[in-house]
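Trainee: Between the sequences and the hints, there should be enough to build the whole structure, so can you do that?
Quick mapping for you: the protein sequence lines, in order, are chains A and B. For the first sequence, position 228 (counting from the first letter as 1) is numbered 228 according to this note's numbering, and the numbering increases by one without interruption. For the second sequence, position 190 (counting from the first letter as 1) is numbered 190 according to this note's numbering, and the numbering increases by one without interruption.
None of these hints come from the bench; they were simulated from the model. Honestly, I wouldn't trust all of these hints.
Unchecked claim - Dumping the calculated DSBU-like pairs for lysine-lysine here, alpha-carbon to alpha-carbon at most 35 angstroms: (1) B:LYS34 to B:LYS2; (2) A:LYS243 to A:LYS471; (3) B:LYS243 to A:LYS243; (4) A:LYS214 to B:LYS2; (5) B:LYS243 to B:LYS214; (6) B:LYS214 to A:LYS214; (7) B:LYS214 to B:LYS444; (8) B:LYS214 to A:LYS243; (9) B:LYS444 to B:LYS243; (10) A:LYS243 to A:LYS214.
Unchecked claim - Only some residues are given here: those of chain A computed to face chain B with a beta carbon under 10 angstroms: (11) PHE96; (12) PHE114; (13) LEU122; (14) ALA140; (15) ALA205; (16) PRO352; (17) ALA383; (18) ALA386.
The beta carbon of each residue, even a glycine, is placed where N, CA and C say it ideally should be.
Protein chains: 2
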Amino acid sequence: MKRYERFAAEISNLIRTGILAPGERVPSVRQASKAHGISPSTVFQAYYLLENQGLISARPRSGYFVRDNASRILDEPHVALQQQAPSDVAVSELVFSVLGSLRDNDTVPFGSAFPSPELFPLARLATSMTRGLRQLSSHAVISDMTTGHPDLCRQIAQRYMVNGMQLPTEELVITNGAMEALNLGLQCVTQPGDLVAIEAPAFYATLQVLERLKLRAVEIPVHPRDGIDLEVLENRLETLPIKACWFMSHLQNPLGASLSDARKAQLYALLCRHQLPMLEDDVYAELYFDQRAEVSPPQPVKALDVEGLVMHCGSFSKCLAPGYRVGWISAGRHTREISRLKLMTTISPSLPAQVALADYLQNGGYDRHLRKLRLALETQQTAMLAAIDRYFPEDTRVTHPHGGYFLWCELPEHIDSLALFQQALAHGISLAPGPIFSATQGFKHCIRLSYGHPWDAASERAMQTLGELLKAA
Amino acid sequence: MKRYERFAAEISNLIRTGILAPGERVPSVRQASKAHGISPSTVFQAYYLLENQGLISARPRSGYFVRDNASRILDEPHVALQQQAPSDVAVSELVFSVLGSLRDNDTVPFGSAFPSPELFPLARLATSMTRGLRQLSSHAVISDMTTGHPDLCRQIAQRYMVNGMQLPTEELVITNGAMEALNLGLQCVTQPGDLVAIEAPAFYATLQVLERLKLRAVEIPVHPRDGIDLEVLENRLETLPIKACWFMSHLQNPLGASLSDARKAQLYALLCRHQLPMLEDDVYAELYFDQRAEVSPPQPVKALDVEGLVMHCGSFSKCLAPGYRVGWISAGRHTREISRLKLMTTISPSLPAQVALADYLQNGGYDRHLRKLRLALETQQTAMLAAIDRYFPEDTRVTHPHGGYFLWCELPEHIDSLALFQQALAHGISLAPGPIFSATQGFKHCIRLSYGHPWDAASERAMQTLGELLKAA
Numbered sequence: 001m002k003r004y005e006r007f008a009a010e011i012s013n014l015i016r017t018g019i020l021a022p023g024e025r026v027p028s029v030r031q032a033s034k035a036h037g038i039s040p041s042t043v044f045q046a047y048y049l050l051e052n053q054g055l056i057s058a059r060p061r062s063g064y065f066v067r068d069n070a071s072r073i074l075d076e077p078h079v080a081l082q083q084q085a086p087s088d089v090a091v092s093e094l095v096f097s098v099l100g101s102l103r104d105n106d107t108v109p110f111g112s113a114f115p116s117p118e119l120f121p122l123a124r125l126a127t128s129m130t131r132g133l134r135q136l137s138s139h140a141v142i143s144d145m146t147t148g149h150p151d152l153c154r155q156i157a158q159r160y161m162v163n164g165m166q167l168p169t170e171e172l173v174i175t176n177g178a179m180e181a182l183n184l185g186l187q188c189v190t191q192p193g194d195l196v197a198i199e200a201p202a203f204y205a206t207l208q209v210l211e212r213l214k215l216r217a218v219e220i221p222v223h224p225r226d227g228i229d230l231e232v233l234e235n236r237l238e239t240l241p242i243k244a245c246w247f248m249s250h251l252q253n254p255l256g257a258s259l260s261d262a263r264k265a266q267l268y269a270l271l272c273r274h275q276l277p278m279l280e281d282d283v284y285a286e287l288y289f290d291q292r293a294e295v296s297p298p299q300p301v302k303a304l305d306v307e308g309l310v311m312h313c314g315s316f317s318k319c320l321a322p323g324y325r326v327g328w329i330s331a332g333r334h335t336r337e338i339s340r341l342k343l344m345t346t347i348s349p350s351l352p353a354q355v356a357l358a359d360y361l362q363n364g365g366y367d368r369h370l371r372k373l374r375l376a377l378e379t380q381q382t383a384m385l386a387a388i389d390r391y392f393p394e395d396t397r398v399t400h401p402h403g404g405y406f407l408w409c410e411l412p413e414h415i416d417s418l419a420l421f422q423q424a425l426a427h428g429i430s431l432a433p434g435p436i437f438s439a440t441q442g443f444k445h446c447i448r449l450s451y452g453h454p455w456d457a458a459s460e461r462a463m464q465t466l467g468e469l470l471k472a473a
Numbered sequence: 001m002k003r004y005e006r007f008a009a010e011i012s013n014l015i016r017t018g019i020l021a022p023g024e025r026v027p028s029v030r031q032a033s034k035a036h037g038i039s040p041s042t043v044f045q046a047y048y049l050l051e052n053q054g055l056i057s058a059r060p061r062s063g064y065f066v067r068d069n070a071s072r073i074l075d076e077p078h079v080a081l082q083q084q085a086p087s088d089v090a091v092s093e094l095v096f097s098v099l100g101s102l103r104d105n106d107t108v109p110f111g112s113a114f115p116s117p118e119l120f121p122l123a124r125l126a127t128s129m130t131r132g133l134r135q136l137s138s139h140a141v142i143s144d145m146t147t148g149h150p151d152l153c154r155q156i157a158q159r160y161m162v163n164g165m166q167l168p169t170e171e172l173v174i175t176n177g178a179m180e181a182l183n184l185g186l187q188c189v190t191q192p193g194d195l196v197a198i199e200a201p202a203f204y205a206t207l208q209v210l211e212r213l214k215l216r217a218v219e220i221p222v223h224p225r226d227g228i229d230l231e232v233l234e235n236r237l238e239t240l241p242i243k244a245c246w247f248m249s250h251l252q253n254p255l256g257a258s259l260s261d262a263r264k265a266q267l268y269a270l271l272c273r274h275q276l277p278m279l280e281d282d283v284y285a286e287l288y289f290d291q292r293a294e295v296s297p298p299q300p301v302k303a304l305d306v307e308g309l310v311m312h313c314g315s316f317s318k319c320l321a322p323g324y325r326v327g328w329i330s331a332g333r334h335t336r337e338i339s340r341l342k343l344m345t346t347i348s349p350s351l352p353a354q355v356a357l358a359d360y361l362q363n364g365g366y367d368r369h370l371r372k373l374r375l376a377l378e379t380q381q382t383a384m385l386a387a388i389d390r391y392f393p394e395d396t397r398v399t400h401p402h403g404g405y406f407l408w409c410e411l412p413e414h415i416d417s418l419a420l421f422q423q424a425l426a427h428g429i430s431l432a433p434g435p436i437f438s439a440t441q442g443f444k445h446c447i448r449l450s451y452g453h454p455w456d457a458a459s460e461r462a463m464q465t466l467g468e469l470l471k472a473a
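Mentor: What follows is the structure in structure tokens.
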């Protein structure tokens, strides 16, 4: 145990035993450094860890405070370490049967892949649509097909720029959501039978795409806080002919893990050494929680990409305009081939949606909306963590992600999450069972819960019901 | 030569020699029947042939008249009869290089794949968009993803119904334009290496899709008036393990040919005998010219499809809303798999576009728009045929389609249409050279010309320039 970990354990013990109560201030960095004879940076490291564990939170210019839901320690899930042989993927049937049962409007949507539509500025987008269509030259409906609407490309490039990245507009391809971007990107660097490194657990659509393209999965474990295990990845790259990788470097679905800057650099060095193309699925980019002091928008691996190996995929579906189906790929050296693949399959994303988004990004107050959205999601996360604490069995472990809208719960080992999924559905509650996140259908006692919807009495009752189901199992 | 062909030849000779002048009435059916001692139905057959040749046209309740541009007979192109072995397709590079050079706004767009945007009710669609988005429940932006917007599905089903077809809404899948529909449909009934029967000449995107999916093409010749050669098809089905076919039964691109009802029935019987799935690409369905007396909207092969073998693909891109990228597939027995493939690739078409179209179809005056559009296209066809007559070499042969916006010209044999394409581009004129319509890059002396844009002095000059280039070649 390192020094900062030891110090963090001391503080967490104070919280666990109630000596430091919820809402109370933890010792300042200066105090703690003096009192314990450790450097301020060690204290910082410890507080950062405690923050990650959901025990304390920073308030700008006031220091760190014990969180309301910190009365019990909710440990983070274990890393799934079992190494698997590369495997064919055949998960689609299961995924579809799960997704099919999520469609009912009346269930409590803990299984949903999208935040509540109420969190999005749909009326303001409609205004942008009206304005955008009015200004659109009639020739644009044909001429913009190949390249994407130029105003939207410009707006996306500008957001990259604000985030410190200069990505050439010529390397942007607007797509029908990020899902098309990822499909096209993977298609252009693989052949059926090829090996692709993915995360374990992975977003189930990743598995479906691999299955559809007849690719084989090499699963790399993801640490619930630090992200993919780079040592395992390095080892796999040295021993297997992996042709591409598909990772979420930031707010990974389902774990919510993000790579630190140092680890991003390490990952990029691996890509370069092996000349490995990477699909960087960054659809949660805008959903980091920014209520803490040290915030700055995270940069993707793409920011390091001098060689054009990274295909960075983004989307407006999770943060602004679900249903509009507009995403993009900044495709580096694969841009030309991806444009062509797009022309051969869907030709172009819908122009009205592009026009509305371009106008909204320029005039609609996107950053104001994002701040509101992040705050709503963070509040909802706190509520869900507190409910897990209240209702779920003692030995439940759960992530404390710094953004997004998913929690990953590791339940007691005897729980069968597919059975729980069915029982919960019978009680009008949806959730996403662990096995749909794995090429080898592992994670049998895990579930993904969404806190993407405003918290209300029904959410609270549903969590209580889930807790009862778990305890009865 | 059959009796009606002989009689037609007599009449066309009268026109050719100027005895029957443009605008003059040809003998009535009763007169001709009496005078020549042939049955009225033989006269009808002959007049129908002459109409197809563009020499006469019917006026409701007044009989048949010599057309203005009929001063010279423009023969229809020959059928390309050479039988080819099944072939890999590798045409994409050529197609992209041709399409890439069509993007310039300032060229005369004879090579364009779309009619002029000025012919579409874009402002009225924008109104429908505003209304549709206002009425949309916020939950629809998520819940409608899988199935397509229900109002739009209903409207499409209603148009089928008006055309005498009862297609279950559950078999409709809304797609990102017909191109996605055709891609998904073909993907779900084939494996790489499979043989697929296609038309020769074929729409170049068909060739690109086959190339992308690594399918092999069996080219079936298309007669410029009667459509695909069913005898050749039958023969090929008996000797080759063909897994699917992709045909345009109506206003085939590029020839404009349509199958008669009898030939549709014959084709469907073949499909049933061989249990062959058919992609019916029917994107020009609404663009038939209806100025003649006997008009009724043509029915697709799908109308006969009791077995669910036909996947009927439609679109609004060519007749109402280019750039909106909304198409559909009525997928028969393959519906479930196609929905799933769509969920794995693009998830869903853009909802705003669907909402706008649903409102427009219900309230926007679609049929009025279509009547105007058809009349405009027919007028533009007459102008282009007349210009070919005036400027092109004597032995040019050309189609006289009953709809759509393409003419297929068979030029003198020594013409290299790819060279002509380059020369024309240098003069600011685009056109589509024959070889991009063939898996085996035949049709070297053929070109496709679009009359989809309003005819003006620039069009006329461009035709004159093309004529000069041809005569100088």
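Trainee: Taking only the CA atoms, is the gap from LYS243 (chain A) to LYS214 (chain A) under or equal to 35 angstroms?
Mentor: 13 angstroms, holds
Trainee: Can ALA383 (chain A) be said to touch chain B, with a Cβ gap under 10 angstroms?
Mentor: Check failed: Cβ of ALA383 (chain A) comes no nearer than 21 angstroms to chain B, outside 10 angstroms.
Trainee: Are LYS444 (chain B) and LYS243 (chain B) close enough, with their CA atoms no more than 35 angstroms apart?
Mentor: 29 angstroms, holds
Trainee: Does LYS34 (chain B) pair with LYS2 (chain B) here, judged by a C-alpha cut-off of 35 angstroms?
Mentor: 18 angstroms, holds
Trainee: Between the alpha carbons of LYS214 (chain B) and LYS444 (chain B), is the straight-line distance 35 angstroms or under?
Mentor: 24 angstroms, holds
Trainee: Checking one constraint from the list: CA of LYS243 (chain B) to CA of LYS214 (chain B), max 35 angstroms. Satisfied?
Mentor: At roughly 13 angstroms apart (the allowed maximum being 35 angstroms), LYS214 (chain B) and LYS243 (chain B) satisfy the hint.
Trainee: Holds or violated: is the Cβ of ALA205 (chain A) closer than 10 angstroms to a Cβ in chain B?
Mentor: Result: holds, 7 angstroms to nearest chain B Cβ.
Trainee: When the nearest CB of chain B is found for ALA140 (chain A), is that gap smaller than 10 angstroms?
Mentor: Holds, because the Cβ-Cβ distance from ALA140 (chain A) to chain B comes to roughly 7 angstroms (cut-off 10 angstroms).
Trainee: Decide if the proposed pair is consistent with the structure: LYS214 (chain A) and LYS2 (chain B), CA atoms, cutoff 35 angstroms inclusive.
Mentor: 56 angstroms, violated
Trainee: LYS243 (chain B) and LYS243 (chain A) were given as a pair; does the straight-line alpha-carbon distance stay at or below 35 angstroms?
Mentor: Measuring from Cα to Cα gives roughly 31 angstroms; hence the hint holds.
Trainee: Let me know if the C-beta of ALA386 (chain A) comes in closer than 10 angstroms to any C-beta of chain B, holds or violated.
Mentor: 26 angstroms, violated
Trainee: Minimum Cβ distance from LEU122 (chain A) to chain B below 10 angstroms?
Mentor: 6 angstroms, holds
Consistency note: the structure conflicts with the earlier hints numbered 2, 4, 17, 18.
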